[in-house]
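Asks: Residue numbers (our numbering), protein chains in the order written: chain A, 21 to 227; chain B, 511 to 816.
Some clues are possibly wrong.
Listed below are the simulated DSS-like cross-link pairs for lysine-lysine, each with C-alpha atoms no more than 27 Å apart in a straight line [what the hints assert, rightly or not]:
| no. | chain 1 | residue 1 | chain 2 | residue 2 |
| --- | --- | --- | --- | --- |
| 1 | A | K207 | A | K180 |
| 2 | B | K732 | A | K46 |
| 3 | A | K46 | B | K785 |
| 4 | B | K727 | A | K180 |
| 5 | A | K62 | A | K105 |
| 6 | B | K616 | A | K180 |
| 7 | A | K46 | A | K180 |
| 8 | B | K595 | A | K119 |
Quick caveat, the hints were computed from the structure, so don't treat them as lab data.
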Amino acid sequence: MKRSILFPITIALILCAAPLLIAAAKVGDAAPDFTATASSGKTYRLSSNLGKYVVLEWHNNGCPYVGKQYNSGNMQRLQKEWTAKGVVWLTILSSAPGKQGYVTASEENGYLEKMHAAPTAALLDPTGEIGHLYDAKTSPQMVVINPQGIVIYDGAIDDKPTTDLADVPGATNYVNLALEEAMAGKKIETPATRPYGCSVKYSDSAH
Amino acid sequence: MPPPKNSLTDERRIQTKMRMCVRCLGSAATLVLGLILFAHATSAQTQPTATSAPIPHGTVELVAENQWIAPAHDFLLGLRFKLEKGWHIYWVNPGDSGEPPRIDWKLPAGISAKAIEWPTPERLGTSSIVDYGYQDDVMLIVPMHADPNVAQPAPAQFAAQLKVLVCREMCIPGKAQVSLALPIKSQPPPPDHGNSTLFATARQSLPRPAPASWKFKLSEQKDSFTLVGILGRQISNAVFFPLDESRVNNSASQKVVPAATGFAMTLPKSDQLLKPIARLRGVLVLSADRAYTIDVPVSKPAVLKN
C-alpha cells in the first residue's frame with residue numbers, strides 16, 4: 021500500500037530533478053564544484069582554488085588523440101608553462117573500471133613520471149561524476165575556469181582534430197588563447213569548440 | 511594496437527613469390543610461369559585491377575563502377591570498407607567524438623575528384639555521448655570527371671592515401687594506400703554488372719534531396735530549435751543528423767510530435783553554439799530507406815544569446 025503512494029511521488033521527484041541533473045557546465049556559467057582524490061592521495065576541492073585560473077584536462081592514456089599530445093610533449097609543455105604562471109592544472113581520469121584509460125593511483129603516478137607530465141594533480145574519477153558534471157564528451161577535452169569560478173573555455177585542445185603528431189606544431193591551441201586573452205583582460209574569441217577526441221569511457225559507454 | 515602496415519598488394523605479393531620461384535626453378539617451370547605472368551599482364555590491360563588494403567579491424571578497397579573510363583565523361587569510384595562486427599567509422603560530422611575518413615587522392619592528369627557522397631549514417635553510442643557513423647560494410651562514393659584531353663591509351667592509375675579512425679570500445683587510427691588502374695577508351699563503358707549492383711546498393715544508402723513540395727520551417731528558442739515539416743501526411747518517426755558540428759546537441763533525444771500534415775521536432779542546441787546561425791543543414795531520416803538532405807533557414811532574425 022505504501023509503495024503505491026510513494027511510487028508516483030518518487031517518479032515526480034525524479035522528473036523534477038532530471039533537468040537539473042543533466043544541466044552540465046556551460047561557458048559563462050559558474051563551474052560546478054567537486055571534490056576528488058588525486059593519484060598522489062591528496063584531496064582536491066575545485067572551489068578552494070577561487071582566485072586562480074584552473075584548467076581541467078580529460079585524460080585517457082590509451083586514446084590516440086591524447087597520445088598525440090603526450091607523445092609530442094605538447095601537453096606536458098602546457099602543464100609546465102601554465103602552472104609556472106600560477107594556473108592550477110587538474111588532469112581528470114573519468115574512465116570506469118574495466119574501460120580503456122582506467123588506472124589505479126599508482127599506475128597513474130607511474131604514467132606521470134614516465135611521461136614527465138606536470139599537472140597540479142591527476143584526479144581519479146572512476147564513477148564519472150566529475151565527467152558528467154561537466155558533460156565531458158572526449159579526451160582530451162579541455163575546460164578553463166577563471167579566478168571568479170566561471171567557465172571561460174570548454175572544448176578541444178586545438179584546431180587540428182587528428183591523431184597525427186605532425187599536426188601539433190601548426191595547431192592553434194585554444195587553451196593558450198583563452199588563458200592569454202583572459203589574463204590580458206580581453207574577450208575570449210573562441211570560448212567553445214567541439215571537443216574532438218575519443219569518447220570518455222564512462223561505465224555506460226558502448227563505443 | 512594497429513595491425514602491421516602491409517602496403518604489399520595481393521598482386522604484388524603473387525608477383526614477388528613468382529620472381530622468387532623463377533630463380534630457383536628449372537627452365538621449364540620458368541616458361542610456364544612466364545606464360546602465367548604474361549596472361550596476367552595482358553588481362554591487366556583490359557580489366558580494372560583493384561587492391562584491398564588492411565585497416566584496423568577491417569579492410570578498404572578502391573573500386574570503380576565501370577570497366578573503363580572515357581574522355582569528357584563523369585564516372586564513379588568508391589572506397590569500400592568492410593569492418594569487423596562492432597567496429598565503426600565516422601560520418602562527415604562524426605558527432606560527439608571521432609573523426610571522418612580523410613582521402614588524399616593521387617590522380618592522373620586530366621582527372622578530377624569531387625566531394626565524397628556520404629551515405630546516411632546511424633546514431634552510435636549511449637545516453638551521454640552520441641556519434642554518427644557506419645558499421646559493417648559501407649561504401650563512400652566519389653564522383654570523378656575525366657577531361658576531354660585525358661591521356662590515352664595508357665591505363666589511368668588512381669591512388670588514394672587514406673586516414674581513418676576505427677572505433678569500438680576504443681579507437682585506433684589507421685592509414686591505408688589503395689590503388690586502381692582503369693583503361694581509358696574513347697567510347698563510354700557499358701554497365702559492369704558486378705560493380706553496377708554494388709554501386710546501385712551504395713546509391714540507395716545516400717540521402718536524397720527532399721521533394722520540392724515539402725516545406726520546412728525552423729524556429730529558434732533559447733536552448734533548442736523546432737523543425738516543422740509539412741509533407742502532406744502524418745509523420746510519427748523522424749531522426750535528424752546535423753551536417754555541421756556544434757549546432758545540435760548530439761546526445762539529446764529528438765522529440766517528434768506528429769501532425770496531420772507532417773511533424774514538429776525539437777532539436778536541443780549544442781552547448782558549443784554560442785552564436786546565432788542562419789541555417790541548419792542535415793539529413794532527415796523518416797525510415798530505413800527514406801533519408802533526405804535538408805537545408806532550412808532559421809525563420810526569424812536570430813537573437814544573440816546573452
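Asks: Hints numbered earlier in the text: which of these fail when held up against the supplied structure?
Replies: Hint 4 alone not satisfied by this model.
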